[in-house]
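**Q** Single-letter residue listing:
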Amino acid sequence: MERRSLTASVLVHLAALLLLVVILAPVVWLFIMSISSTPDLIAKPLHWWPDTVDLSRYGVLLSSVANSAGEAFVASLFNSIKVAGMATVAALIVAVPSAWAVSRTPSVGWSLYAVIATYMLPPVALAVPLYMTLAWAGLLNNVFGLALVYLTILAPFTTWLMKSGFDSIPREIESAATMDGARLDQILRLITLPLAAPVMATAALFAFLLAWDEFFYALLFTSDQRAKTLTVAIADLAGGRVSDYGLIATAGVLAALPPLIVGLFMQRALIAGLTSGGVKG
Amino acid sequence: MTSTWITTRAWLLMLPLLIVMVAIIGWPLVDTVRLSFTDAKLVGTEGSFVGLDNYVKILSGSNFQRTLITTFWFAVLSVSAEMVIGVLAALLLNQQFYGRSVLRALMIMPWALPTVVNATLWRLIYNPEYGALNAMLMQFGLIDAYRSWLGEPGTALASLIVADCWKNFPLVALIALAALQAVPRDITAASMVDGAGAWSRFRFVIMPYLAGPLMVALVLRTIEAFKVFDIIWVMTRGGPANSTRTLSILVYQEAFSFQRAGSGASLALIVTLLVTVLAVAYAALIRKSAGVS
Numbered sequence: 001m002e003r004r005s006l007t008a009s010v011l012v013h014l015a016a017l018l019l020l021v022v023i024l025a026p027v028v029w030l031f032i033m034s035i036s037s038t039p040d041l042i043a044k045p046l047h048w049w050p051d052t053v054d055l056s057r058y059g060v061l062l063s064s065v066a067n068s069a070g071e072a073f074v075a076s077l078f079n080s081i082k083v084a085g086m087a088t089v090a091a092l093i094v095a096v097p098s099a100w101a102v103s104r105t106p107s108v109g110w111s112l113y114a115v116i117a118t119y120m121l122p123p124v125a126l127a128v129p130l131y132m133t134l135a136w137a138g139l140l141n142n143v144f145g146l147a148l149v150y151l152t153i154l155a156p157f158t159t160w161l162m163k164s165g166f167d168s169i170p171r172e173i174e175s176a177a178t179m180d181g182a183r184l185d186q187i188l189r190l191i192t193l194p195l196a197a198p199v200m201a202t203a204a205l206f207a208f209l210l211a212w213d214e215f216f217y218a219l220l221f222t223s224d225q226r227a228k229t230l231t232v233a234i235a236d237l238a239g240g241r242v243s244d245y246g247l248i249a250t251a252g253v254l255a256a257l258p259p260l261i262v263g264l265f266m267q268r269a270l271i272a273g274l275t276s277g278g279v280k281g
Numbered sequence: 001m002t003s004t005w006i007t008t009r010a011w012l013l014m015l016p017l018l019i020v021m022v023a024i025i026g027w028p029l030v031d032t033v034r035l036s037f038t039d040a041k042l043v044g045t046e047g048s049f050v051g052l053d054n055y056v057k058i059l060s061g062s063n064f065q066r067t068l069i070t071t072f073w074f075a076v077l078s079v080s081a082e083m084v085i086g087v088l089a090a091l092l093l094n095q096q097f098y099g100r101s102v103l104r105a106l107m108i109m110p111w112a113l114p115t116v117v118n119a120t121l122w123r124l125i126y127n128p129e130y131g132a133l134n135a136m137l138m139q140f141g142l143i144d145a146y147r148s149w150l151g152e153p154g155t156a157l158a159s160l161i162v163a164d165c166w167k168n169f170p171l172v173a174l175i176a177l178a179a180l181q182a183v184p185r186d187i188t189a190a191s192m193v194d195g196a197g198a199w200s201r202f203r204f205v206i207m208p209y210l211a212g213p214l215m216v217a218l219v220l221r222t223i224e225a226f227k228v229f230d231i232i233w234v235m236t237r238g239g240p241a242n243s244t245r246t247l248s249i250l251v252y253q254e255a256f257s258f259q260r261a262g263s264g265a266s267l268a269l270i271v272t273l274l275v276t277v278l279a280v281a282y283a284a285l286i287r288k289s290a291g292v293s
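Going down the list, the sequences are from chains A and B. When the letters of the first sequence are read in order and numbered with full-length UniProt numbering, they come out as residues 1 to 281. When the letters of the second sequence are read in order and numbered with full-length UniProt numbering, they come out as residues 1 to 293.
No lab work stands behind these hints, which were simulated from the structure alone. Note that the structure is a prediction, hence the values are computed from the model and not measured. Positions of the beta carbon are idealized from the N, C-alpha and C atoms, including for glycine. A portion of the hints provided could be inaccurate.
Stated by the list, open to error - Some chain A residues close to chain B (C-beta under 8 angstroms, calculated; not the full set):
hint, residue
1, A15
2, W100
3, L148
4, T152
Stated by the list, open to error - Okay, the calculated beta carbon distance ranges per label pair:
hint, chain 1, residue 1, chain 2, residue 2, range
5, B, T2, A, S223, 47 to 57 angstroms
6, B, V280, A, K44, 45 to 55 angstroms
7, B, V280, A, S107, 17 to 27 angstroms
8, B, F202, A, L6, 21 to 31 angstroms
9, B, V76, A, L6, 37 to 47 angstroms
10, A, V242, B, S62, 32 to 42 angstroms
11, A, S63, B, K288, 51 to 61 angstroms
12, A, A25, B, V76, 20 to 30 angstroms
13, A, A25, B, I6, 48 to 58 angstroms
Please model the entire structure based on the sequences and the hints provided.
**A** What follows is the structure in structure tokens.
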């Protein structure tokens, strides 16, 4: 390793400190806004730290009193969980068999590229017919309809992740089992799928977060508490007449918690997925 | 087992995925193409065939041209800022300092923050009356009156780019860092023994390892930036005076706000074509970088 001079070392530490502040300040500020009282938030000059810590907004948003801000928020929270959950399960059901097939049968590999290519499609290219079809089927403003639409994003994504997962499981294990007389369904059930379980869990988690994050389709296809997701609810708060900035910040903190926790704990798997996927295609 | 059977079996296993993809991606895409040649409304009228009218109107209209330019600047400026800051951050994170592993772990936070939450957060920061940016600049004496960062055409796009860049540069940094860690130590050591300076070490020793992954990140980020909708919709809705209106916002307005499904569809296809060009470039780069490494 390079031996650094004292000056270089000081500079490196200063730069690291700057990077730390840049990364942390906005997130920390979101949290501070959520626990500051309204007078603190609209004071001039601004109070960077609240005089009294006010956690009441978390109570407001997570309460289920009828016709309250909380009721709408909790409803959208459950809608997000339902839509993301259903879309993730459906995506894995179609993705796992095809990912395995592509991984073990290189001759059909080109079809995977066709599937991945659709992942690049801008959602606007599909939005109009999808809207008309959902309207025709009575699935507008419906969690099932939205989950179905989310498959357009999650199915290619999970197929891609699962394919590289199956690639890393040596096919010799499967051949050996075949020679011992195991049937294909036995091999998959007893050998391949258990070995692929960690990849499947990772794929499920990322698919869930992708759906959790989605905004465009949710904005188009939902209109009230029956199906509105968290992202739409927050955009409504941010763009609406709500004058309590702390409440908007609180909603943001609550929506950001699941992906932040996953991101911090799953970092290694995430980076590995990003880099290997990105380079291999 | 014959190879025909193996191929058939593969297709059978892929059938559910293929059916789903055709139903919710293939068919809608074809229908978008059909709609683009009609004057259909979103609700009600089926519309009739109007040939290339929609395309001619869009391509000759000033709205589209202006929006294309806005999208271009948004994509070019935010992606290049993300790449430069991302690589610099990665070089820093590859040095030794106290708390390095903590900082590396924290880098994931902006990326993990949902896009809508990020947009909301920055909207609050830019708030003209109570925002943190105004308060901070005022306290440092850098401005003498509060400004409406998102409310003035001159600063709105730049403010959006900063918010987008903050969320996305850490991803570039993490990808670049992973590539940097693959650079063999003895090569950098040898180059130092040979008397290479910091710049030539970066350019000739480290850069070849970075180029592939960075190219991929560059093209993927450019495609994303061309499709940008969420952050702009939440922060400015394309305003003020349409100064931050990008292509996806324009499609949304045309097809859903004005309910002109026909011309909305043609506009969407033009956007798709632009993204496809970028995606093809991506595929070519992947093949090239795969060939090199």
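**Q** Would you mind marking each hint as holding or not holding in the structure?
**A** Against the structure, the hints come out as follows:
no., hint, verdict
1, A15, "holds, 5 angstroms"
2, W100, "holds, 7 angstroms"
3, L148, "holds, 7 angstroms"
4, T152, "holds, 5 angstroms"
5, T2(B) <-> S223(A): 47 to 57 angstroms, "holds, 54 angstroms"
6, V280(B) <-> K44(A): 45 to 55 angstroms, "holds, 53 angstroms"
7, V280(B) <-> S107(A): 17 to 27 angstroms, "holds, 24 angstroms"
8, F202(B) <-> L6(A): 21 to 31 angstroms, "holds, 22 angstroms"
9, V76(B) <-> L6(A): 37 to 47 angstroms, "holds, 40 angstroms"
10, V242(A) <-> S62(B): 32 to 42 angstroms, "holds, 36 angstroms"
11, S63(A) <-> K288(B): 51 to 61 angstroms, "holds, 56 angstroms"
12, A25(A) <-> V76(B): 20 to 30 angstroms, "holds, 26 angstroms"
13, A25(A) <-> I6(B): 48 to 58 angstroms, "holds, 56 angstroms"
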